[in-house]
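Chains A and B, in that order, give the protein sequences. Under my numbering, the first residue of the first sequence is numbered 1, with each subsequent residue one higher. Under my numbering, the first residue of the second sequence is numbered 346, with each subsequent residue one higher.
Certain hints may be false.
[Stated by the list, open to error] Here are some of the chain A residues that sit facing chain B, going by a computed Cβ distance under 8 angstroms:
(1) A17
(2) C18
(3) L19
(4) L24
(5) V31
(6) I34
(7) S116
(8) E117
(9) K119
(10) E121
(11) S163
(12) W165
(13) K307
Please keep in mind that the hints were generated in silico from the structure rather than gathered at the bench. Because the structure is a prediction, the values reported are computed rather than measured. Note that CB positions come from ideal geometry on N, CA and C, so glycine has one too.
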Amino acid sequence: MKKKIIRILAIVLIPTACLYFLQLLFMPKYVSDINEGSMIEEYYKSSKNHEVLILGDCEVYENISPVTMWEEYGITSYIRGSSEQLIWQSYYLLEDTLKYETPKVVVLNVLAMQQSEAKSEAYNRMTLDGMRWSFSKLNSIKESMTEEESIISYVFPFLRYHSRWSELTSDDIKYMFNKPNVTTNGYLMQVGVRPMTVAPQEVPLKNYQFSERNYNYLDKIRQLCEEKGIKLVLMKAPSMYPYWYERWDTQIKEYEDKYNLLYLNMIEQSEKIGIDYTTDTFDYGQHLNVDGAEKLSKYLGKILKDKYDLADYRNNQEYQKTWDTLTEQYHREKENKLKEWENIQ
Amino acid sequence: MLFTSLKFVAFVIAVLFLYYAVPKKFQWVLLLCANLFFYIQAGIYGLVFILVTIATTYISALSICKEQENIKRLFEKYKDILTKEDKKMYKAKSKRTQKLYMILCLIVNIGILAVLKYTNFFILNFTNMKPVNFILPMGISFYTFQSMGYLIDVYRGTVKAERNPARFALFISFFPQLVQGPINRWKELSSTLFSYHTFSWKVIQSGVERVIWGYFKKLVIADRAMIGLAVITSDNVKYSGAYALLGMLLYAVELYADFTGGIDVTIGIAEMFGIKLAENFKRPFFSKSIAEYWRRWHITLCAWFKDYLFYPISMSKWMNKLSKAVKKKCGNAIGSRLPVYISSIVVWFVTGLWHGASWNFIVWGLLNCAVMLISQELEPVYEKVENRLHYRRFRYYKVFEILRTTFIVCSLQMLDYYYNISDAFRMYISIFTTANYGYVLKTGMWNIGLKVQDYAVLILGVLIIFIVSMLQRKRQIRKSLDSRPFFVRFIIFLLLFLAIASFGIYGIGYESSQFIYNQF
Chain A
1 MKKKIIRILA IVLIPTACLY FLQLLFMPKY VSDINEGSMI EEYYKSSKNH EVLILGDCEV
61 YENISPVTMW EEYGITSYIR GSSEQLIWQS YYLLEDTLKY ETPKVVVLNV LAMQQSEAKS
121 EAYNRMTLDG MRWSFSKLNS IKESMTEEES IISYVFPFLR YHSRWSELTS DDIKYMFNKP
181 NVTTNGYLMQ VGVRPMTVAP QEVPLKNYQF SERNYNYLDK IRQLCEEKGI KLVLMKAPSM
241 YPYWYERWDT QIKEYEDKYN LLYLNMIEQS EKIGIDYTTD TFDYGQHLNV DGAEKLSKYL
301 GKILKDKYDL ADYRNNQEYQ KTWDTLTEQY HREKENKLKE WENIQ
Chain B
346 MLFTSLKFVA FVIAVLFLYY AVPKKFQWVL LLCANLFFYI QAGIYGLVFI LVTIATTYIS
406 ALSICKEQEN IKRLFEKYKD ILTKEDKKMY KAKSKRTQKL YMILCLIVNI GILAVLKYTN
466 FFILNFTNMK PVNFILPMGI SFYTFQSMGY LIDVYRGTVK AERNPARFAL FISFFPQLVQ
526 GPINRWKELS STLFSYHTFS WKVIQSGVER VIWGYFKKLV IADRAMIGLA VITSDNVKYS
586 GAYALLGMLL YAVELYADFT GGIDVTIGIA EMFGIKLAEN FKRPFFSKSI AEYWRRWHIT
646 LCAWFKDYLF YPISMSKWMN KLSKAVKKKC GNAIGSRLPV YISSIVVWFV TGLWHGASWN
706 FIVWGLLNCA VMLISQELEP VYEKVENRLH YRRFRYYKVF EILRTTFIVC SLQMLDYYYN
766 ISDAFRMYIS IFTTANYGYV LKTGMWNIGL KVQDYAVLIL GVLIIFIVSM LQRKRQIRKS
826 LDSRPFFVRF IIFLLLFLAI ASFGIYGIGY ESSQFIYNQF
C-alpha cells in the first residue's frame, strides 16, 4: 500500500514539478528587452502605500516619473501601466490594486477610450500574465482574449510559451526564479532625443464615437473610485502620436462635466508644462524622454497636490527609506542611460 | 473534437472515470453514450449518416441471420421428408434472399459513401456542373467499411448477427477508432467490447504509455515535418529539385508518425477501457518489397480489401469461367494469372479511390499494383540471377532491399501531396534533373519554416522510432518494459511526456492539425 501511494504521488508530483520548472524557464523574462512585459508583476514587489495610482498605456509609463513627484512634492505614486492597456484592463488593474491598497487619487489616461477591441495577443499577454491570480485577472482575460487565445493557456502559460524552447537565452535561466525591476514604480525610463519634426496630421475617421463597452468600463472605474472614496482624474498625456481628435476630446470633456471630474488634456497644456518637442521626446513626439517626463511629472504633481491636498511624505521615516532607495536607483539609471546614449551618438 | 486537443483529453479522462464508476453491466452503455456525445461534437449532421449505416446494417444482418436460422430450422424439422435436391433448392433460395438483403444494404451504405465522397470528383471530371458542397461525416470511410465487413461476415455465416441494436451501434461507433481506424472485425472486437472490465492501474498505465508514445509521434515529429512540407508544396516552381527530395522525406516521416501515432493513441485509449483493438502496423519501413510493405502498413484496411474484395473477385464463378476461357485461347500462363491481375487492379483502384477522390490517388493505387505485379513477374528472373550469383546471402542485400522499398514507397507517395499528377511527376523528375542541392543544403532548407533545432528534433525523433522498431524485431518491447522497475518506465515516459509538452506543435503560433487519416 505504501509503495502504491509513493508511486501515485510520484506520478502526480514529479511531472507537475517538471512542468512548473519548465514553465518558469519558458516564460518570457522581459528584462534585457521588451521591458514592458515586466511592469505589471513588478507592482507586487512595491511598498503598496501609494497615494496616487496611475493607470494607462505607454502614455503613462513612459511619460510620468513618480520619483520626480516624490522629489518635488513628496507624493507617493505608482504607475500600473502596460502596452496598449485597454480600458477594461485598467479597470481590472484598479480592482486588483485595491486589494492591496487604497490610493487617494487615480489618474487614468484616456487614450484607450478609442480602442474597443483587443488587437493583439502579445499586448494582452504583457498586461495579463503579470497579474496575480484573482477574479480580476480572470475577468480581464475573458474580456481581452482575441479569437486565437484560450483561458487555459493563461492558467498554464506553459501551453503558450513552450514554443520558446528553441529561442531560450541565458536570461531565461538567469531570471528563472528572480527578476530585477525594470521600472521605477512603473516608470520605464527613456533617454535620448529624437525630435518631432513634423506636426501630426488629422486623418479623418469613419467613426469618432467611443464605444458603449468603453463607456461602461469608464463608468465602472468611476463608480469603483466613488465607492472607495478615491478621486478620479482623467488625463490625456502630451503625446502627439497617435493623433488625439477634437471630437474625442469633446466626449471626455462631456464626461468630465457630467460627473464633475477633473480632466487634464496635457497636449493643450504642453506649453505651460514647458515641453519642447524638439528636445523632450525620444521617438519623434510619440513619447517623452526623461526630461519631458520630469517636466510633466512636476506639472501633474503640483495640480494633484493643490487640488487633492496630498500629504508630503518626504520627512516621514516610514516612506523615506523606500523612496530614498528608489530615488538613488532612478538617478543612477538615468546617469547610466544618458552615458549609453552619448556613446551611441 | 480533435484528438490533439485538451478538450479530447478531458473527455477521455471523464469517460474513463465514469466507465469504472458505473456497474459493470452498464459499462458498454456508458461507452455508447460517450460515442454519441463525441459524434455530436463533430456536428449533428454526421450523426444522421452513421445512424443510417447502423440501422440498415443491423436490420440487414439480422434479416440474413433469421433467414439462415429459418432454413436450419426447416431442415431440422423436415429432415426425414426433405430430399437432397429439396434441401439444395431451399438453400439456394435462402441464399438468394440473404444475398438480396446484403446487396441492398451494401448499395445503400456504399452509395452514401460514394455520393458524399465522390460526387464532386464525378462532377468535375465528367460533367460541366458546379461542385456540390457536401460535408463528409467524421470517419465515414472507416465505419462504412467496418459495418460492411460485419455484414459480409454475417452473410458468410462466420459471425452471428447482434440482436441488440445498441450493442451493434457501439461496435460501429466506438469513439477512439471511429475517426481513423483500425477497421475491426466483430469476431475480435465484440468479445472485448462488451465484457466487464475491472479498474486496474496496470491497464491504465499501459494505455497511457501507448497514448504518450502516439502523441509524441504526432505532435513532436509528424506536425513538425508538416511545417516544412507545407512550404515546399506551396510553390512548385520555387521548390523543386533538392526541395522535392526533402519534401519526399518529410512526407514519409510525417505520414508514418501521424498515422502510426494516431493508431497508438487509439489503441492506447481503448486499452485504458480494457478493450483490445487490432494492430494496424508492423514496422512497414522494414519491408523488403512493396507487397510486404502492404502487409505491414494499414494492416486492417489491406486485410479488409483482401477478404472482402480480392478473394470474392478472384475466386468468383465468373472469374473462374473467364480464366478457363483465357487458358484455352492464350495458354495456361496467362489464364492462371488473369484472376490475380484483374482482382489486384480492381483492389488497388478502389484502394486509391478510398484514400482520396482524385486521379492522384487512383494513379497512386494503380502504380502500387503495377510495381507488385511487375516484381512478381520478375521473380523467376531474380531467382535465376540468384542461382548464379548468390547475391541474396549478402547481409547488406537485405538493407538494399529495405532501402529500395522505402524509396519506391516514398516516390509513389508524392502523388498524395501534390495537387495533380503532372505536378507530382514533374517534381519527381526534378529531383534528378535540378542541380540545386548545394543551395538547398546551405540556405534553402533553413528557409522552409524549420530551424536547425527543428531538424535536430526531427532527426532525434526519427532515430528514437528507428531504435524502438529495431528492438521490436527481437522482442516485444512493451513486455520487456513491463519487466523493468517502475521508476525506469516512469522516467522513460516522463521524458516522452515532457518532450511532447515542450517540443510539441500545439497552441498559438502552431496550427493544431488533425490526423491525416481523419479525413478519410
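Outcome of the hint check:
{"no.": "1", "hint": "A17", "result": "11 angstroms, violated"}
{"no.": "2", "hint": "C18", "result": "6 angstroms, holds"}
{"no.": "3", "hint": "L19", "result": "6 angstroms, holds"}
{"no.": "4", "hint": "L24", "result": "13 angstroms, violated"}
{"no.": "5", "hint": "V31", "result": "22 angstroms, violated"}
{"no.": "6", "hint": "I34", "result": "16 angstroms, violated"}
{"no.": "7", "hint": "S116", "result": "23 angstroms, violated"}
{"no.": "8", "hint": "E117", "result": "18 angstroms, violated"}
{"no.": "9", "hint": "K119", "result": "15 angstroms, violated"}
{"no.": "10", "hint": "E121", "result": "6 angstroms, holds"}
{"no.": "11", "hint": "S163", "result": "5 angstroms, holds"}
{"no.": "12", "hint": "W165", "result": "5 angstroms, holds"}
{"no.": "13", "hint": "K307", "result": "45 angstroms, violated"}
Hint compliance for this structure: hints 1, 4, 5, 6, 7, 8, 9, 13 are broken, all remaining hints hold.
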